[in-house]
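Following the hints, complete the assembly by docking chains R, A, Z, C and Y onto the known chain D.
6 protein chains.
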Amino acid sequence: MPVGESRHPSQSDAADEAQWVWAEIKAEARRDAESEPALASYLYSTILSHSSLDRSLSFHLGNKLCSSTLLSTLLYDLFLNAFSGDPDLRSAAVADLRAARSRDPACVSFSHCLLNYKGFLACQAHRVSHKLWTQSRKPLALALQSRISDVFAIDIHPGAKLGKGILFDHATGVVVGETAVIGDNVSMLHHVTLGGTGKAGGDRHPKIGDGVLIGAGATILGNVKIGAGAKIGAGSVVLIEVPPRATAVGNPARVVEGKEASKLDECPGMSMDHTSFISEWSDYTI
Amino acid sequence: MPVGESRHPSQSDAADEAQWVWAEIKAEARRDAESEPALASYLYSTILSHSSLDRSLSFHLGNKLCSSTLLSTLLYDLFLNAFSGDPDLRSAAVADLRAARSRDPACVSFSHCLLNYKGFLACQAHRVSHKLWTQSRKPLALALQSRISDVFAIDIHPGAKLGKGILFDHATGVVVGETAVIGDNVSMLHHVTLGGTGKAGGDRHPKIGDGVLIGAGATILGNVKIGAGAKIGAGSVVLIEVPPRATAVGNPARVVEGKEASKLDECPGMSMDHTSFISEWSDYTI
Amino acid sequence: MPVGESRHPSQSDAADEAQWVWAEIKAEARRDAESEPALASYLYSTILSHSSLDRSLSFHLGNKLCSSTLLSTLLYDLFLNAFSGDPDLRSAAVADLRAARSRDPACVSFSHCLLNYKGFLACQAHRVSHKLWTQSRKPLALALQSRISDVFAIDIHPGAKLGKGILFDHATGVVVGETAVIGDNVSMLHHVTLGGTGKAGGDRHPKIGDGVLIGAGATILGNVKIGAGAKIGAGSVVLIEVPPRATAVGNPARVVEGKEASKLDECPGMSMDHTSFISEWSDYTI
Amino acid sequence: MPVGESRHPSQSDAADEAQWVWAEIKAEARRDAESEPALASYLYSTILSHSSLDRSLSFHLGNKLCSSTLLSTLLYDLFLNAFSGDPDLRSAAVADLRAARSRDPACVSFSHCLLNYKGFLACQAHRVSHKLWTQSRKPLALALQSRISDVFAIDIHPGAKLGKGILFDHATGVVVGETAVIGDNVSMLHHVTLGGTGKAGGDRHPKIGDGVLIGAGATILGNVKIGAGAKIGAGSVVLIEVPPRATAVGNPARVVEGKEASKLDECPGMSMDHTSFISEWSDYTI
Amino acid sequence: MPVGESRHPSQSDAADEAQWVWAEIKAEARRDAESEPALASYLYSTILSHSSLDRSLSFHLGNKLCSSTLLSTLLYDLFLNAFSGDPDLRSAAVADLRAARSRDPACVSFSHCLLNYKGFLACQAHRVSHKLWTQSRKPLALALQSRISDVFAIDIHPGAKLGKGILFDHATGVVVGETAVIGDNVSMLHHVTLGGTGKAGGDRHPKIGDGVLIGAGATILGNVKIGAGAKIGAGSVVLIEVPPRATAVGNPARVVEGKEASKLDECPGMSMDHTSFISEWSDYTI
Amino acid sequence: MPVGESRHPSQSDAADEAQWVWAEIKAEARRDAESEPALASYLYSTILSHSSLDRSLSFHLGNKLCSSTLLSTLLYDLFLNAFSGDPDLRSAAVADLRAARSRDPACVSFSHCLLNYKGFLACQAHRVSHKLWTQSRKPLALALQSRISDVFAIDIHPGAKLGKGILFDHATGVVVGETAVIGDNVSMLHHVTLGGTGKAGGDRHPKIGDGVLIGAGATILGNVKIGAGAKIGAGSVVLIEVPPRATAVGNPARVVEGKEASKLDECPGMSMDHTSFISEWSDYTI
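Chains as they are written, first to last, in UniProt numbering: chain D, 1 to 286; chain R, 1 to 286; chain A, 1 to 286; chain Z, 1 to 286; chain C, 1 to 286; chain Y, 1 to 286.
So that you can see chain D by itself, here it is in the shape it has in the complex (with noise of 0.2 Å):
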C-alpha cells in the first residue's frame, strides 16, 4: 500500500512535493509532542523550531555528527549551506522519505524516518560528503564519511554515487565502495557491502541498477553491473553480473530466475512502477 499518498494532491514538482512533506512532518510532531510530552522538547528542538526541512536535517544531522573536535555548530553551518545551495539534495531527502514510507511496513510516519533512521540520515549526509568530493574538497568529504561510519555504522565512500528514493533499511554495517553507482529506488538492508576487488584498480565497485533490492548480509564485488529491477537475496555473495529483473541468491549466487528477465519489457520506467514492483518482490525487507 503506498503510505502517505492518499491525502496528497498531485503536485508538479519537487518544491511543492518538499513543502508537502514537511508540513506533513510538522504536523506528525505536533501530535506526537502532545501525545507525549516527555519527547517534546526533543521533537521542538528537531523538528517543530525549524522553519525548514533542510533547517532541520541540518540541525539533526550536525547534533548526530559532532564529536569533540568536530562541532555541532561547524557541522550544521556545512550542512546548511549545502542544502541551501543545491535543491537536488532537498529533493533527494524528500525522494527517501517517500522510499521508507512506502517501502518498509516498520516506517510509521515521515518523522520516525527523519528522526530515527541511520540509513536515511547517513544517506543525506553522505551526499552532502559526495558533493565535496566532486568539489575537491576531498579531507573534509573524509572526515565526514569517518564521522558517519563512527556513529551510524554506516561507510559509504565520499566517491560513490547514489540516486533518489533509496531506502537503505536499517543499515548498521552496510560498506560502499568509491566507485559503486546505486540507481534510483533502490532498497537495501543492513550489513550489504558493494566492495571492490584488489585487482581492479579504478573503477572496481558493482554498479547497481535502478529499482534494485539488496537483501541483508549481500556483498556484492567488484565492477559488476545488478541490472534494473533485480534482487539480491540475503546472504549471497555476487561476483558476477546479474541481469534486470533477475534474483541472484547464494554464495557463490547464481542467478535463479533468469526467467524472470523476460519481465523486463513490462517494467515501466517511471519510479512508482519501480516502487511497486518493488513491493512485489522484497521477500527480504524486515
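Calculated directly from the structure, the hints in this document are not laboratory data.
Hints are not guaranteed to be accurate.
As the list claims (entries may be wrong) - Simulated restraints, written as ranges between beta carbons of each label pair:
hint	chain 1	residue 1	chain 2	residue 2	range
1	C	K225	Y	P37	56 to 64 Å
2	Z	A14	Y	S84	55 to 63 Å
3	C	E34	R	Q135	47 to 55 Å
4	R	S67	A	S136	33 to 41 Å
5	Z	V256	Y	S84	52 to 60 Å
6	Y	W20	Z	D88	41 to 49 Å
7	R	A27	Z	A14	40 to 48 Å
8	A	P37	D	P87	22 to 30 Å
9	R	S35	D	S52	36 to 44 Å
Predicted model only: the values in this text are computed from it and were never measured.
Ideal Cβ positions, reconstructed from N, Cα and C, are used throughout, including at glycine.
Leaving out everything else, chains R, A, Z, C and Y in the frame of chain D:
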C-alpha cells in the same frame, strides 16, 4: 560449568535473586576499584554509588544512550520509573546477567556484563522500549530504539517480544523485527537478523523457541518457527521452519541433524536444563 | 604499488621510521589545513598541535573513546603512558599506517588513516588494552574493549594477540575472541569474526598466519590454523584448518586452490614479500 | 502591587499553594512555547515535560550545576530525593517564587524566575546543601556549594540558615558565611556580603531579621544583628548592630533614621505585611 | 596613543570599517596560530575558519553561551540571523572592538578582545537580546540574559539601551537595569551597577551620557542623568544627577569638580574627541 | 591555630612538604569517599586515581577550565607540563593550600581547598598563565586568563606577579591588573580590585607587600605600595601608599592606625610570623 552457582544458596524468589546478584556486583566492583584506581571513579559512578540494581542500570543506560537532544536526566528518569514500576524488568535483567555469566566463558563477572556488554544493555533498554510500545507510547519507544541502534549498533524493534535469560553475545549488528518473538534462555551471537518478508503484512518475523542458539551472522527471515532447543549455524540463511532441538546450517539453511529432534523428549522443561543443553551445543560461541 | 615508498630513504630502525611517517603526517595535515579552513581546527587539535605521533594518537583516541563516565583526560593519560613506555606500540602503529597506505587504494594519505580509519584506531586502542590485560589490569582492559565496541562497533577481546602491519579495512562488525592470534601483515575486511566454539574451553579461537587476507563477512570459528599467506573468501564460514597460501571459500568453506600451497616455497619470509603477495591476491578488498 | 495575587483563590495550605504556582508556571511556559518556537524545546525540557515543581526544579538544577566530574544524573537524583523527602524545601521554593514575582518589577512571571534567576536557583540548591550539612554529609554539601559558586558566582556556606520568601536579586557576587542567619522575606541585591571576622571563632556572621532589605554591594561583617524590617543602603559597610526598621548607610555605615525604629510596633507579624513593608522601602531594587 | 590607527586608511563607511577590522583580526589570529600551535585549533575554530566577523562572533557566542538545554546550534542560528539581518549590530561590534583596542592598555589586539573579553561578548549578546525584546520576543530575550549572567557574571536587562563604542572592562559583576540607557563611547569597569529604586515604577534606571567613564564598583541608582563626559569614581554610590564633564566620587557621591562643567563648551561633538577625552580622564582603568 | 601542623614532622624541603600534603589529601579523600558514596566517583576522578598532586591539580583544572573550543585534554597537558617542569609551581600550590587551611576557619581540609576553592584554583591556573606570559606565549596566556575569568569570575592578568601562601577567600570578582605584584602570605577577600590608572602607562598597578590582608570589596588603584603586614578594610577605595603594618579604611581610604607602623620592628621575617600576624588582624575574613 554453571559459573557463580556454587556460592549461591537456594533462593525462593526473584527479589532475593536480584538482591544476591546486586550484592555480588557491588563486591566485584569494590574489588576492582581497589585494584585499579584509574577505574574507581567509573565504578563508583556506575555501580558503587547506587543503592540498587535498578538505579545502577538506569544511570548507566541514561548516560550511554543520551545525546545532545535527549538528555541523560530524561532517560535516567524514564528508565528508573520503568524498572521501579515493573519487577519483571528487574528479574529479566537478573536472568540475563546470569545467562552471560554462565554461558559465556569470556564473561568474568556479573559487573563485567552489567558495565560492558552492549548486548545486555541493549536488551534491557529494549525491554523498556517494548513496555512503552505496549502502552501506546510509540514515538518515545521508537526514539529509544533509534538511540540503541546508534550507540550499540543493535536494532530491535520495540514491538519484538523477548523472554528472559537472553544472551546477545558481542551483539554488534543484531537486527530483530517488529513481530519477532524470542523465547527464554535464547543465546545469539552478533550480526544475527530476525527479519521479515515484504510480501507478508502483519505477523512477518521469526518465532524463536526457548533455549535456541543462533550462530554469528545467521539470517532468519519470515514468520518461521525455530523450535525449542534448536541450533542455527553461523552464517546460515534460514527461510524455513526448524524443528525443536534440530540444527540448521548453510545458505540456504537445511536441517542437518533431524535425528536430534528425537532427543526432545529427554529435554526437561526447566530453564536450567535448557541452559545446560545450550552449553552442550554452543559450538559457535566465542 | 608500494605507496609512500619512493621518497622514503632507507632507514635503519623503527624510531627513524616513526619520525619519517610523523613528518609525512604533519606535512599532509598542514597541506589539508591550508586548503580547507573548515577542517583546520580539527587538524590542529588532532595532529598539528602535537609534538609526536604518540601524543597525537593518545589525544585522538582519548577524545574518540571517552564517555561521560570515562573522561578524555583519563584515557589520554592512559594511552600516553602506554605509548611512551613501550616503543613496540609505536612501531606497530607505524606498521599499521603503512599497511593501510600501501594496501588500500582508498587510503589517500597517512593522516587519512590516522584520523579516519576506525579499524586503525580500534587496533591501536586494542594494543593498549592487551598490554593492560597481560599486566593483570583486566577490569580496565575490559572497559576499554567495551568503549571500542561502542564507538567503533569493533569487538576485540583484550586477550587477543595481534601482529604488526594489520589492516582492518572498513572494520565495522569485526569480532576477535580472547585466544585468537593474528600474525603480521594480515588484512581483513569488515564483519569478520574470529570466534570460538563453546565445547572447547581454554584455547578456542583461530590462529591467523602472517600475510593472510580475510574477505568481508567471513566467519572463522574454533582453534583452527589459517596458514601464512592464505586467503579466506568473503562470506565464508571456516571451521577447518587452511594450509598456507591456500584459499578457502564458501559456507561451509572448502579449500579451493590446493595447488596454491605449492607456491609456499616461493614465498619469501620478508614482510615486503608478504605485502606484495597480498596485493596479488587481494580480490576482496574494497 | 502584589503581582499574581488577583487570580489567586484563598488556599489553606502549602501543598495547594505549590499546586497553584506550578499550574501557573505550566500555563506561562505553554504560552511562551507557542509564541516562541525557538524556545519551545527548552521550555518542554525544563518545565512542560515534568509532572511537578520538584521534578522541574531538580532537572533544571541538575543540568545547571553538573560538570564533567559531577554528572547531571547524580545531581538530579540528589535534588529530587531532597525535594521529595522534605515538603519544607518545596514550600520555601514557592515562597521565593512569590517573593520575586511580587517584589521585583522586572520579574514578568513565575517561570521567568524559575528558569532565569540565578539567585533563586542558587537559593534552592543551597537549601539542599544546607540539609546535607545538617545531616553531617559535609563533603557533599561543600561540593555543592562549590558548584553553585562556579556556576552562579554566588557563594553561600552550607551552614548558613535561610528563611522563606528570600529574594536574591541579580545575585552575582553574593557571599554568605557559615554562621549567618537570614530571616523570612529578606531581599538582597547583588554583591552583598554577610561576612565574618577572623578574631571571633564560632558564631561569627551576621543575623539578618525578617523583612530586611540589603542594597547592592553592601558588606555586613561580624556577628551583628540587623533588626527586622531594617534597610541597608547600597555600598554600605556595616560593622554594627542595626535596630529593627532602621536604615543604615555609608562606609562605615551609621544608622540614619533611628526614628524608624519606633515604627516597629506598627509592623504586623504576617508575612504579607513584611512584603508590603519592603515595597515601601525598596529604594535600591533594580 | 590611538592604537591600531596608524595603518588604517581613511574609510568612508561602516562596511569598510568592518572589513578592515576583520582583516586585522584574521591577520592577528594567523600570526598567533603560527607562533602557538597549542592554540591554533582554537583560533581556527573561532576565527580563521570563518568568512566574516558575523559568523565568527555568532560561532563564538553560540559556543560560549550554550548549555545542555540551549544548544549551540540554536544559539548560533539566532546570533547569525540577528547579525546578518541588522548592519547596526555589526557596526556596533566594530566600534566596541575599537573602543577596547584604543582605550584599554591591556588589550593587545582586536582578536584578543573578540575572543577573550567577556564584557565585549556580553555586550554583543545583549544587543541581540535587546533586539528580541523590542520585537516582543521577551521569553527568548530573558533566556539569553540569563545565559549571559550565568556564563559571564554580567547581568544586563534586555530592555536596556546601549550606544556604540562601549567598553566593559573586566566586566564581572556588571548589572544594568531595564530602563537604563548608555550613550556612545562609554567606558565602565567591573562591578558597576546601573540600578533602579523600588519606589519609582516605570522609567527607573540611570541614563548615562556619551563618553562617560564609570570606575570599578560604582553604584548608580535611580532615574538619574549622568551628563556627557562625566566621570564616576570607583566605589562611588551615586543617587544624584551628575552634570556633563563633572566628576562624582564617594559614598554617597558628591560632585567634586563642578568647575569641570565649564569645560563642556570645549568638548567637540565628534566621537573621537570623546575618546581622547576619556583617555585624559581614565584614572581608574586597569 | 596552625591547623594540621601537629602531626607534621619538621621537614627540610618543599618536596617533602608536598609529599606530606598530598598524603593528607589522599587520606581525607579516602575518608570522604567511604562516608559519602555519592561523592566517591568525584573524589576518585579528581584525587584518588592520581599519583601526585601535580596530576590531580592538572586534571581538575583541565576539566574545570575546558570549553567546547579548548578541550580538557589540551589544558590537562598544558598544566601537567607546567607543573612537572617547574617545582616552584608545586611548592607555591602547597603553600597556598596551607594558607587556606590555617587562615580560613571555614576550610575543613586540604582536599576541601583543592577541590572547591575557586580562589585557589584560579591562583594555580594563573601561575601557569604567568609562566607562559614570561615565555612570550602571550596569546595562550591570555586565553587562559579568559577561561579563568569565565569559569571562576576571577580576572588576573597573566603579567601579574604573585608570591606564595596566597589566600583568595571566596574570590568571586577579584580583578588584578597587569603590573600588580602580590607578596607572600597575602590574604584577600572577594571583589578586591588591584587596578591601574589610565594616566600612567607602563607600571600602573598596586604593589602589595608580604602578609597584607585586604577586605572584601576593597579597590586599590594605581602604582601604590601597600606595606608589608598592612591591612585594607572592606569596601575601601585606596589611592595612596599605605605604610607597613598600617590599616587603611574608608572611601577614599585613610590610614587609621599609623601607630601600628611602629610594630614593624617586631615583625619577624619568617612566614609563620606573618601568618600569626594576619590571624591577629583578620577582622574581615568570613
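Checked hints:
1. About 59 Å separates the C-beta atoms of K225 of chain C and P37 of chain Y, a value consistent with the hinted range of 56 to 64 Å.
2. Our hint of 55 to 63 Å for A14 of chain Z and S84 of chain Y holds, since their Cβ atoms are close to 56 Å apart.
3. For the pair E34 of chain C and Q135 of chain R, the beta carbons lie near 60 Å from each other, so the given range of 47 to 55 Å is not met.
4. Take S67 of chain R and S136 of chain A: their Cβ atoms lie about 36 Å apart, and the range 33 to 41 Å holds.
5. Judged by the Cβ atoms, the range 52 to 60 Å given for V256 of chain Z and S84 of chain Y holds: they are separated by roughly 58 Å.
6. Range check, W20 of chain Y to D88 of chain Z: Cβ separation about 44 Å, and the 41 to 49 Å hint holds.
7. Take A27 of chain R and A14 of chain Z: their Cβ atoms lie about 44 Å apart, and the range 40 to 48 Å holds.
8. In this structure the hint that P37 of chain A and P87 of chain D lie 22 to 30 Å apart at CB holds, the actual value being about 26 Å.
9. Between S35 of chain R and S52 of chain D the beta carbon distance is about 55 Å. The supplied range of 36 to 44 Å is therefore violated.
Taken one by one, the earlier hints fail for this structure at numbers 3, 9, listed in ascending order.
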